Each structure stands twice: as structure tokens, then as C-alpha cells.
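There are 2 protein chains.
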Amino acid sequence: MENFEFCNPTKIIFGRGTEEKAGAEVAAYSQKILLHFGGGSIKASGLYDRVTASLKKAGVDWVELGGVQPNPRLSLVYEGIKLCKEHQLGFILAVGGGSVIDSAKAIAMGAVIDGDIWDFYLGKGVPTEALPIGTVLTIPAAGSEASTGTVITNEAGWLKRAVNSDLIYPRFSILNPELAFSLPKFQVACGVADIMAHLMERYFTNVSHVAFTDRLLEATMKTLIDQGPLVLSNPQDYDAWAELMWAGTIAHNNLLNTGRIGDWASHDIEHEISGIYDVAHGAGLAVVFPAWMKYVLKHDLNRFVQWSVRVWNVEMDVFNPEAVARSGIQKMESFFHSIGLGTKLADLGIKDNRIDEMADKCTGGDTRTVGNFVKLDREAVREILLLAE
Amino acid sequence: MENFEFCNPTKIIFGRGTEEKAGAEVAAYSQKILLHFGGGSIKASGLYDRVTASLKKAGVDWVELGGVQPNPRLSLVYEGIKLCKEHQLGFILAVGGGSVIDSAKAIAMGAVIDGDIWDFYLGKGVPTEALPIGTVLTIPAAGSEASTGTVITNEAGWLKRAVNSDLIYPRFSILNPELAFSLPKFQVACGVADIMAHLMERYFTNVSHVAFTDRLLEATMKTLIDQGPLVLSNPQDYDAWAELMWAGTIAHNNLLNTGRIGDWASHDIEHEISGIYDVAHGAGLAVVFPAWMKYVLKHDLNRFVQWSVRVWNVEMDVFNPEAVARSGIQKMESFFHSIGLGTKLADLGIKDNRIDEMADKCTGGDTRTVGNFVKLDREAVREILLLAE
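Chains A and B supply the protein sequences, listed in that same order. Final position of the first sequence in the working numbering is 390; the numbers increase by one with none missing. Final position of the second sequence in the working numbering is 390; the numbers increase by one with none missing.
In short, the hints are calculated from the structure, not lab data. Every value quoted in this text rests on a predicted model; they were computed, and no experiment measured them. Among the hints, erroneous ones may be present.
[As the list claims (entries may be wrong)] The list that follows gives simulated cross-link-like pairs (lysine-lysine, BS3-like), each with its CA atoms no further than 30 Å apart: (1) A:K332 / A:K186; (2) B:K186 / B:K332; (3) B:K22 / A:K12; (4) B:K223 / A:K299; (5) B:K332 / A:K223; (6) B:K299 / A:K223; (7) A:K332 / B:K223; (8) B:K83 / B:K44; (9) A:K125 / B:K12; (10) A:K223 / B:K223.
[To be verified] Just so you have them, the derived chain B footprint on chain A, three or more residues with Cβ under 8 Å: (11) 6-15; (12) 222-236; (13) 242-248; (14) 254-260.
We put the beta carbon where it would ideally sit given N, CA and C, even for glycine.
I would like the entire structure built from these sequences, with the hints used as guidance.
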């Protein structure tokens, strides 16, 4: 186990009706805020009305910025920064899924600097302060509601890049599983794949003696495998949604990473796919992960065997561990298929061949590697993308 | 799943050599502190020297109060409160195990009030402020290093009582597994039993649809069952200690209680045993739990069956679930025996019969019940103690 420091300061407010607490929570930080959201779904569902009623009740005034798209865009972030500066807003309330929250985090860092927020995403400098933010989560997937991360897409060049900073942990996150009832099935499936991916990125590590967090990660993966199909077959199943939503937060709040070094190559590769083709992040991960696994399998066969046996209930065969490992990967692919996701690039509707371009962008023209479990150069990324064809 | 709020603000600093960070962490809060510890072991091991060197380096001055005993005493708490007031100390650094930390928490609440700190333990009033505290943990057991709880024994009547308050979450806790290398084996075993008990108190609940936290609790119990014997057979096994120490903190930091209602009857009953006989808390729990389980088994047989199958690897027998449940309990007893703990009152050296007295004290002369999974009156507590004979 590696030495580590851990403290997740996000206050989780979980359960039925909890969005009504938004106003009181916000009021502890500011009386004038940016209310940030996506398309019209929160208005259609009545969530917008409930949240704004709660803000009014707490005497909180707001400026609105809707229109966040999946793979949230830098241009809208710039708009949000401008609004925060112009109206001297002291807090950002993100109502939506990971895209809205990631956009809010970018605005929060950008509102307090004179320079260009994109510089942080390019690794030029690190943030030293940020506006406080809070969230009302509507989609269990990205885990951004209790994480340090934000991923933004710059339309100029379709670059998708991330920033991680303790400054952008949300101060509070409101998690009401009922808010997920109306999600389209495809989006639910993408969320499940995203959460699985967060767990697998952490699980596949070269750090030895991580038995406890291995088991916690396995427990969370098993929960997803059990509960994902339940919410897909009955979207009104509060109990299954509650398990899934809480698992999605824990999967990415850094607890399950304590003492470990995660991989994250699959995320980096997927960012190139969704950066170019604008596909849903989770759908892209369901394609990248099986290919990545087949490529890195022999690097640590034992770890794949443990995962297959404990997570996918593959029966141990001590005489043929590789078959056990491959069976786990196959079961994962079947699981993705069963929830309506494809596991090949063609399933994402990608028919042209820009694999070389993606491998290039992912590794900065072969000037850097991605991943930690196995460090992947341009050729390795290319081969993984070919395995996904 | 119940609605819940969760935020654990304790900063965990984990790994080799981390005690050297104590001074810098403390200095963020105060330049003049109470240094609180137990017997001579931290001086013999050199830990005292390393911590005080770190305080000096950070320019932090301290007043010392050693002498905390297992089942920490109210009289020493009073001394600590007096020192804090007299020297206007702004922070308490607890160096030790759960007893030292619990004592520090009591002093932290008592130092800022004019009244008697014991009143809070009797349920007369709740704390509204407290001095900040930090810990350097030497014993994985109580989980007090990241919990809201403190348990103190009042020598006048040998009453052992608890307070829970968000105000007494330590601001930071330093967890260096190396510090546990020199613990006596009996104390290690008691720590393992205490951690198991924290998990089982949470596991046995009447709240339905707690699948995710069930799995997290099972994962943590399995970690203890794997790692406990390793540290007992090789006290220098850093890796096993690291798993055990981190599991001990997570077992009691309230994460695994999210959405659940725990039981806690076994803790209440054990407090009467250790209150009267001054036995080690963990040793007492290893005696109470098997008896409690046999008494409440039929209240929710399915829950016991799940626990037996998943935690203790008992093979499922759908035609005889009660045998499966009883087999789990038996395996737990065998586990306690294997680490050197008894599971009967006589194993604690208790030979007189004060069962009626304990049942009386536990239930306030039959004016209240204890536990949530099954609410136990005086007669039920008595029967459980008889089962432990």
C-alpha cells in the first residue's frame, strides 16, 4: 500500500425530497448565485421549480445559465465565467449530471482568475482558488458530485481535457434517487458503464498489498452488476436507484483509491473518441475497456483472475488461469450487451478510420505515455483501438 | 434505504513515517496544546520523541497529560479540562489508541463549558462547541480516530457512557501502521474483535434495501478475517497492519452506516461488563456477540444466512437455512478462539454472578430497551448474559 492522505469534504444529502434543502445549503455560502443546468429536462420534470422555490425561500437570488451539453463545452464555460464576474456571484449551484457539474467546476475556477481557464486544462499552471459550488445530481454516472475532477471539451480542435483539484470538491451534493426515474435507458446504461470504469481504473494497479480496497472495489462492482439491470427493467425502482446512485458517488470520491495508483489509460483513450465523435462517455468506455483488458491481460494475470472469480463469479481453474481471466472479460462484455451497450467502435456508429489520429492525440504525437498499470505509447494505443474495431 | 446526510471531515494521513507531520498539522490550529497519552509505551518506543520533535519544529508549545487507562476515566478527563482552562490551550493532540482519543474528546468538550462534562454523558444537554483535536493512532481498534464518539467511565458507580457529536471528529488523524508493531498480542486480538463488532452492529439492521452497504460491510469483515491472523503471526508485517488499520477506521467512520440503522445492543451490554470488571472492551464484545446472535437469530434468519454465506463462506443449504446461520456464528466463535479470545464470561475471569445487576444497569432498571435490530428489555439482556455464561 502507498502512503496517502484522504479527506473528502463534500456533504452528501441523500434521499427522497432532499432537493428541497438546496436553498438552505446554498444560503450558508452566498445570497447571489449562478444556477447552472443542461437542457429542458429539469424544467419538464418540475425539478427546476422545486429548486428555485427552495432558493427563494432561503432568500437566495440567482442568475441562470442553462444549455450544458454532454461533453461540456468550453464556450459555455466562458459564458458562465463572464456572468459570475459581471454579477459578482458567490456560488454556483449545478443541477444535472456530470456534464453540468464539470462545467460548474470550470466556471468556479475561471471566475476568480484574470487569465484563460483553458490553460489549467492544458496543464499550464494550477488553480489556487475557486468559487464554492454545490450540486443537485440527476444522473448517477460521472461521480463528479463528490470528486476533484472536471473534464471539458474545447471545440477548437475538439480537445477533451481534465483538471483535478481539491478546490473543486462540491461543498454539498444532493442525491435524490427519484430524480433519475425519468432518464432514457441508454443514458442509464452509459452511467452504469461509467461507474464500472471508475472502479476498474482503480482496481487494475501495480501497487501490491491493497487487499482491503480490492474488496471494497469488488463490492461496489457487484452492486452495479446487481442493481443496474433492476433500474433498467423498472425505472421507478427507488431502492435499486438508491443503491446505484450511492455506489456511483463512492466509486469516484477517492476513498477507493486510497493507497493505490489507478490506471486511467482507458479514460484517456475514450476522451479521444468522444472528443472527435461526441459519443456518450460511458458508451465509449464500454468499447475501450474490453480492448484495453485484452491488450494488458498478461501484465498481471493474477489480478485479472481475482477480478473474474470475485466480481464475475467465474469458477477458479488453477490449471488454466488465463481462461479464467478471459472468461471474466467475456462476462463483462455480456453485461454491457445486456444493458444495451456495444463493445466495438462500430457500435458507436463510427465507420471512418481515424485510429491513427486518436492514437496521436492521446499520446501527444508519441511524446508521452498514458496509463499506469501498463504505460502505453502511441503504438499501444493504436493496437488497443484496433482491438476495439 | 433511509435518507441520510454524510460528511466525515477528518483528514487521514496514512503510512510510514507520517507521525513526523503532526507538528505542521497542529500548527494550523494552535501554538499551545495539550499533549495527551497513556502509559509509558510511547516513550519506550520513541514515538513520544518523534512527535515532540515535530511539535518543536513547528513552533508548537505543549502541556502534557499522560496516564490514560483502558476504559478511560472521568477523573483524568477533569484534570485535562483543568489544564486546558488554566493554560488556555487551543488544541488537543491525542497520541495513543481509542482510550486516549476518547479521553481527549471528552476534554475537548469540557474545556469550553462551565458545567460538568459528565452531564453530556448522562444525556443532560448536548455540546455546542469543542476544542479541535488531532490524533496519532497507535492501536487499530476503536475507530475513534475518525468517529463522532467518545466513551468514558465514571469511577463513581463504574458507569460507562457515550457521547456522539459531529463537533469531536478529529481534524486530522495520523495512521502509521508501524506504530502497531509492538502491541501485545492480546491487545491486537481485542482490536480485531472491536472492529468486527463495529461492522456487525451496523450489519444487523431492520432497514431493507441496503445491498451496497451490506457488501461494503462484508468486504471489511472479510479483510479483518484475512489480515487479523497475519499480524498476530508476524507483528512486523507492515502490509497486513496497513490493511487492518485502514479497515478499522472505515469500520467506524459512519460511511458504512449510511442509509442504515445500526443495532448497538451488544456494545451497551458490553459496557456494563467492562464497567464493572474493567475487562478489555474487545474481549467483552467477543463474549457478548455470539450470545446476542443466538438470542436474536430468528428475528431475521435471512440476514444471518447472507452473513454466514458471504462473510464466513458457509455453503448455502436452502433446505436448512437455520443450520447455515448457526454455522456462521460457530465460525465467528472459532475465529475469536483462533486469535486468542474467549467467548464466555468465564473466559474474562468473571466468576461471581452479577448478571442481574448488569441487566438492571443496562436497561436503567427496565425503564428503557437497548438495541434496534431487536429491542431488548431487562429480561432479554439477562437471557443474553446467561447464554454467555
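Hints versus structure:
1. A hinted pair counts as satisfied when its Cα atoms are at most 30 Å apart, and K332 of chain A with K186 of chain A qualifies at roughly 21 Å.
2. Distance hint between K186 of chain B and K332 of chain B is fulfilled; the C-alpha atoms sit about 21 Å from each other, no more than 30 Å.
3. Pair hint K22 of chain B plus K12 of chain A holds up; C-alpha atoms about 26 Å apart against a cutoff of 30 Å.
4. Distance check on the hinted pair: K223 of chain B and K299 of chain A sit about 28 Å apart at the alpha-carbon level, within 30 Å; holds.
5. A hinted pair counts as satisfied when its Cα atoms are at most 30 Å apart, and K332 of chain B with K223 of chain A qualifies at roughly 25 Å.
6. A C-alpha spacing of about 28 Å is found between K299 of chain B and K223 of chain A, which places the hinted pair at or below 30 Å, so the restraint holds.
7. Under the criterion of a C-alpha separation no larger than 30 Å, the hint pairing K332 of chain A with K223 of chain B is consistent with the structure, at around 25 Å.
8. Distance hint between K83 of chain B and K44 of chain B is fulfilled; the C-alpha atoms sit about 24 Å from each other, no more than 30 Å.
9. In summary, the hint linking K125 of chain A to K12 of chain B is supported, as the alpha carbons are separated by about 28 Å, within the 30 Å threshold.
10. Distance hint between K223 of chain A and K223 of chain B is fulfilled; the C-alpha atoms sit about 15 Å from each other, no more than 30 Å.
11. Residues of the stretch 6-15 of chain A with a Cβ under 8 Å from some Cβ of chain B number 10, which satisfies the need for three, so the listed coverage holds.
12. Taking a C-beta to C-beta cut-off of 8 Å, the stretch 222-236 of chain A contributes 4 residues in contact with chain B, enough for the three needed, and the coverage statement holds.
13. With 4 residues having a beta carbon nearer than 8 Å to a beta carbon of chain B, the stretch 242-248 of chain A meets the requirement of three or more and the stated coverage holds.
14. For the stretch 254-260 of chain A, the stated coverage by chain B is satisfied: 3 residues place a CB nearer than 8 Å to a CB of that chain, which reaches the threshold of 3.
Hint violations for this structure: none, all hints satisfied.
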